[in-house]
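Can you make the complete structure from the sequences, with help from the hints?
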Amino acid sequence: MSAQVKLESDGVRLAFYNERMKRRLLVLDGIDLTVFTGELVAIVGPSGCGKSTFLSAVDGLVKTDAGSIKVDGHAVTAPGPDRAVVFQQDSLFPWYTVMRNVTYGLELQRRLSKAEIAERGATLIELVGLTGFAEHYPHELSGGMRQRVNIARALAPDPELLLLDEPFAALDAQTREFMQSELLNILARAKKTALFITHQIDEAVFLADRVAVFSARPARVKEIVTVDLPSQRGLDVKLNQRFRELHDYLWRSIQEEAVRTPIAIGAS
Amino acid sequence: MAVIQIDKIAVTEADNAPPHQSLWQRNENFLLGLFSVTGFLLFWEFSVLSGWANPLFISSPSRIFNAAYEMFADGSIYPDLLVSAQEFALGYGLAVIVGIPMGILMGWYTRLNALLDPFVNALYATPRIALMPLIIIWFGVDLSAKIAIIFLATVFPIIVNTMTGVRTMERDFVKVARSFGASDGQLFLTVALPSSVPNLLTGLRLGLGHALVGIVVGEMYGASAGIGFMMQTAGATFQTDKVMVGIIIIAAAGMALTGVLRMIESRFDVWRPDHHV
Ligand SMILES: Nc1ncnc2c1ncn2[C@@H]1O[C@H](COP(=O)(O)OP(=O)(O)O)[C@@H](O)[C@H]1O
Ligand SMILES: [Mg+2]
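These protein sequence lines map, in sequence, to chains A and B. Residue numbers for the first sequence, in numbering that gives the first Met the number 0: 0 to 267. Residue numbers for the second sequence, in numbering that gives the first Met the number 0: 0 to 276.
No wet-lab data here; the hints were simulated from the structure. All of these numbers come straight from a predicted model, not from anything done at the bench. Careful: at least some of the hints might be erroneous.
[As the list claims (entries may be wrong)] Derived Cβ-Cβ restraints for the label pairs, each shown as a range:
hint: 1; chain 1: A; residue 1: R188; chain 2: B; residue 2: S21; range: 33 to 39 Å
hint: 2; chain 1: B; residue 1: G258; chain 2: A; residue 2: E159; range: 33 to 39 Å
hint: 3; chain 1: B; residue 1: T109; chain 2: A; residue 2: R188; range: 55 to 61 Å
hint: 4; chain 1: B; residue 1: G92; chain 2: A; residue 2: E118; range: 40 to 46 Å
hint: 5; chain 1: B; residue 1: N112; chain 2: A; residue 2: S67; range: 56 to 62 Å
hint: 6; chain 1: B; residue 1: M219; chain 2: A; residue 2: A169; range: 53 to 59 Å
hint: 7; chain 1: B; residue 1: S182; chain 2: A; residue 2: R259; range: 39 to 45 Å
Built from N, CA and C at the ideal position, the CB exists for glycine as well.
Below, the structure is given as structure tokens:
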């Protein structure tokens with residue numbers, strides 16, 4: 000299998016106007032990153048360094064100032080059906096049922112008929128293991144269930160690239176571990192490429208084929224670590240010697256950056 | 000470990016089991032309310048019966064009941080009820096038809112908001128009753144004047160609350176919608192509108208109260224029929240019983256209509272768990 004490029008980020012620069020400092024603040028300082036088809040690449044880095052900003056740029060929600068982002072060779076200028084984001088907890092629309100949340104993207108596209116949309120919704124709800132909860136409202140679900148809906152919602156328009164921004168950060172440790180292996184199952188079945196932001200190093204090592212370490216703001220890709228663990232992973236891989244080595248290596252790498260992070264400036 | 004688990008479950012189940020409650024415990028709030036109201040009515044009735052209070056000033060429950068019975072039996076109340084109901088329906092209905100779209104537009108278009116905000120704010124802050132003389136100059140004293148005052152009383156709370164609802168939609172939801180490729184129109188229908196519903200309903204409920212005030216006050220100026228007019232004339236001739244009947248009718252209408260709105264609101268509680276309190 001020759002590796003096909005799914006996402007190509009080339010020298011992406013981006014600055015935000017900072018209200019407090021009354022000037023533009025460089026957040027992304029030339030991000031170079033390539034993600035191959037079928038890969039899961041995790042991004043780790045000190046908080047506030049620009050991880051979410053980069054994800055938003057890839058999704059097309061914020062404009063870059065320089066550089067280029069290409070998905071399947073097409074330059075990203077706005078959100079499109081080839082990309083979808085799994086946002087943090089509580090980004091589900093509280094006024095819609097699970098079913099309507101999941102089919103949200105499809106309803107907007109008006110590409111499929113009502114019946115086809117309902118069918119696809121049911122399939123996805125089953126894929127994420129929520130059969131029987133289609134007519135529930137988000138507040139009736141646990142945190143883990145809500146993030147399943149969130150994943151299903153992102154998968155519904157059948158995107159090429161799935162963007163996940165700390166989707167399990169708000170879950171308790173046990174649920175989080177369970178959702179991690181569930182995510183691997185779901186991604187394997189749906190055959191998706193994914194870019195996954197996390198501040199949990201063990202989550203990054205467990206999920207990813209490669210881990211990109213972002214530097215302190217303004218962010219660059221400091222290094223990319225290939226996770227040479229078996230690609231079929233169960234949770235017990237976390238007990239693996241190699242897992243610990245990778246974990247500790249990444250921990251030091253991020254720590255080096257974290258101490259360089261300017262503390263006082265703009266919380267994310 | 001396992002034993003502890005079982006213990007926990009046992010405790011939880013005991014907590015959830017319906018505790019043995021007497022009739023009194025289960026309906027405590029209702030019964031307390033019933034008790035205080037009955038007590039109040041009895042005290043009122045007896046203070047008049049015993050000659051301690053003058054019924055000319057405070058009437059009494061039995062007198063009010065008799066007056067109401069008579070007014071309904073001889074049908075003299077119906078024209079007044081009809082006129083007031085008509086004024087209310089037209090004034091409030093118009094305010095809803097105008098106020099909701101206005102509030103939505105002002106919440107959605109920042110420029111329109113900047114243009115209209117001074118007027119809306121000034122009029123919202125002004126007691127609308129102060130406009131009554133102007134309204135009489137413009138509309139005379141017939142039905143249109145009453146509709147105008149009820150409309151003015153009602154439309155601003157509806158506009159302001161709807162506008163707030165649209166403006167305060169959560170940025171996160173906007174991001175989600177945009178990420179899924181929502182157009183402005185779709186963003187409006189799927190995010191702005193649903194997230195403004197709670198505020199919108201609050202606006203309708205506040206407007207209701209203002210509308211009832213509008214009826215009573217509007218009919219105090221050169222009306223020829225209506226509940227407010229009936230109270231006004233009854234009051235001028237010291238028919239306190241009739242005035243009381245009018246007050247009760249207005250209060251009952253307010254409670255009934257608020258109840259209807261609450262029922263509509265509770266339909267939205269399905270996704271607003273924090274409003275159940
Ligand atoms: N819309 C915005 N406007 C201004 N500054 C922003 C905006 N979004 C993010 N920032 C700033 O950009 C920096 C990076 O934020 P973010 O990408 O959220 O960091 P991370 O996800 O790595 O924790 C922070 O300093 C944050 O305050
Ligand atoms: Mg972030």
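Now for the hints, and whether the structure bears them out:
1. The given range of 33 to 39 Å is broken by R188 (chain A) and S21 (chain B), whose C-beta atoms sit roughly 57 Å from each other.
2. The hint said 33 to 39 Å for the Cβ distance between G258 (chain B) and E159 (chain A), and at roughly 53 Å that hint is violated.
3. Distance hint check: the CB atoms of T109 (chain B) and R188 (chain A) are about 45 Å apart, inconsistent with the given range 55 to 61 Å.
4. Separation of G92 (chain B) from E118 (chain A) is about 42 Å and conforms to the stated range, judged on CB atoms against 40 to 46 Å.
5. Look at N112 (chain B) against S67 (chain A): about 38 Å separates their beta carbons, and that is not inside 56 to 62 Å.
6. Roughly 58 Å separates the CB atoms of M219 (chain B) and A169 (chain A), a value that falls within the hinted 53 to 59 Å.
7. A beta carbon spacing of about 42 Å between S182 (chain B) and R259 (chain A) agrees with the range 39 to 45 Å that was offered as a hint.
Of the hints listed earlier, those the structure fails to meet are numbers 1, 2, 3, 5, in rising order.
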